[in-house]
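Participant: Model the full assembly from the supplied sequences, consistent with the hints where possible.
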Amino acid sequence: MNEINFWNGNKSSYRQLYEFELLELLLNATQSSGTNTSIINDLTDYPSAEDEGNVFENGTDVLVTVKGNAKFAGKRFIELPYSITKDLLGQRIPFIRRSELNRFGNPAELRIAKCGVPETWVDAELYRQNEFNVIESGSFEDVFERLSDGEFDYVCFGANEALDIYENRVIDKDAIIMAPDVMIEYSFPLVFYVNADLPELAERLMAGFEEISRSGAFSELYSRYFGSFETKLSLDNRQRLLLNNPFIA
Numbered sequence: 001m002n003e004i005n006f007w008n009g010n011k012s013s014y015r016q017l018y019e020f021e022l023l024e025l026l027l028n029a030t031q032s033s034g035t036n037t038s039i040i041n042d043l044t045d046y047p048s049a050e051d052e053g054n055v056f057e058n059g060t061d062v063l064v065t066v067k068g069n070a071k072f073a074g075k076r077f078i079e080l081p082y083s084i085t086k087d088l089l090g091q092r093i094p095f096i097r098r099s100e101l102n103r104f105g106n107p108a109e110l111r112i113a114k115c116g117v118p119e120t121w122v123d124a125e126l127y128r129q130n131e132f133n134v135i136e137s138g139s140f141e142d143v144f145e146r147l148s149d150g151e152f153d154y155v156c157f158g159a160n161e162a163l164d165i166y167e168n169r170v171i172d173k174d175a176i177i178m179a180p181d182v183m184i185e186y187s188f189p190l191v192f193y194v195n196a197d198l199p200e201l202a203e204r205l206m207a208g209f210e211e212i213s214r215s216g217a218f219s220e221l222y223s224r225y226f227g228s229f230e231t232k233l234s235l236d237n238r239q240r241l242l243l244n245n246p247f248i249a
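Note that UniProt numbering numbers the sequence shown so that position 193 is 193, with each residue one more than the last.
To be clear, the hints were calculated from the coordinates, so they are not data collected in a lab.
Any given hint could turn out to be false.
Unchecked claim - Derived DMTMM-like pairs: lysine to aspartate or glutamate, alpha-carbon spacing no greater than 20 Å straight-line:
#, residue 1, residue 2
1, Lys173, Glu100
2, Lys232, Asp174
3, Lys232, Asp87
4, Lys232, Glu167
Unchecked claim - Taking CB as the label site, the calculated pair distances span:
#, residue 1, residue 2, range
5, Glu79, Asn102, 40 to 46 Å
6, Asn106, Glu230, 21 to 27 Å
7, Gly9, Ala73, 18 to 24 Å
Ideal Cβ positions, reconstructed from N, Cα and C, are used throughout, including at glycine.
Facilitator: Below is the structure:
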């Protein structure tokens with residue numbers, strides 16, 4: 001293939017950068033002599049779950065999503081067996097109002113308090129299945145405004161993107177903080193889905209994963225993007241509320 005259509009929308013900018021660079025790395029690791037494969041980096045944000053679930057029918061060749069994403073239920077795709085952010089996405093950091101810091105010293109409070117989730121995000125049903133008090137509404141763009149207004153008590157993001165989201169999306173950093181002592185954790189791997197009509201591309205990307213894992217290039221890329229996160233977020237020192245992910249067999 002000379003050109004690959006990579007749908008890279010509906011996610012944080014930090015994820016977009018990492019996932020694009022990882023795809024480039026996979027393709028470069030399997031490039032034939034004298035050939036070049038370019039990537040169309042489609043950053044379209046789809047407003048509805050139905051639109052997102054139909055991207056393969058509309059020309060997408062490959063994308064990254066959470067394993068078991070219900071938006072793709074019944075769709076044809078090839079899933080690659082590699083978690084591209086290891087366990088980080090499933091280590092969920094709560095964003096709370098500073099005025100309620102003392103409330104969130106115990107992770108059990110996270111199950112009782114109102115958990116905000118933007119509409120269509122797979123997290124919503126996962127939390128419901130774990131008996132959380134879920135408020136599913138609005139979008140990623142207005143989620144912190146709604147948190148400030150008290151529509152819900154907290155919203156969670158994966159450790160792989162929490163710092164970037166806090167820095168670039170939270171306007172009032174005096175009012176909104178990341179809870180320092182607690183987190184939610186569940187299995188939540190990020191994986192590549194490849195258009196079912198492109199088995200050769202899936203095979204090429206799997207070969208690329210084998211090559212960059214063997215060479216150390218994957219570890220180098222992962223460390224460059226996420227190596228400092230464990231320390232900065234004090235992941236080892238947080239109390240954890242462990243959940244079941246019903247979408248993963």
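Participant: Are the hints correct? Go through all of them and say.
Facilitator: Now the hints, each set against the structure:
1. Lys173 / Glu100: holds, 14 Å
2. Lys232 / Asp174: holds, 19 Å
3. Lys232 / Asp87: holds, 16 Å
4. Lys232 / Glu167: Holds: Lys232 and Glu167 sit about 13 Å apart, inside 20 Å.
5. Glu79 / Asn102: 40 to 46 Å: Check passed, 43 Å falls within 40 to 46 Å.
6. Asn106 / Glu230: 21 to 27 Å: holds, 22 Å
7. Gly9 / Ala73: 18 to 24 Å: For Gly9 and Ala73 the Cβ distance comes to about 20 Å; the hint holds.
In summary, the structure agrees with every hint in the numbered list given earlier.
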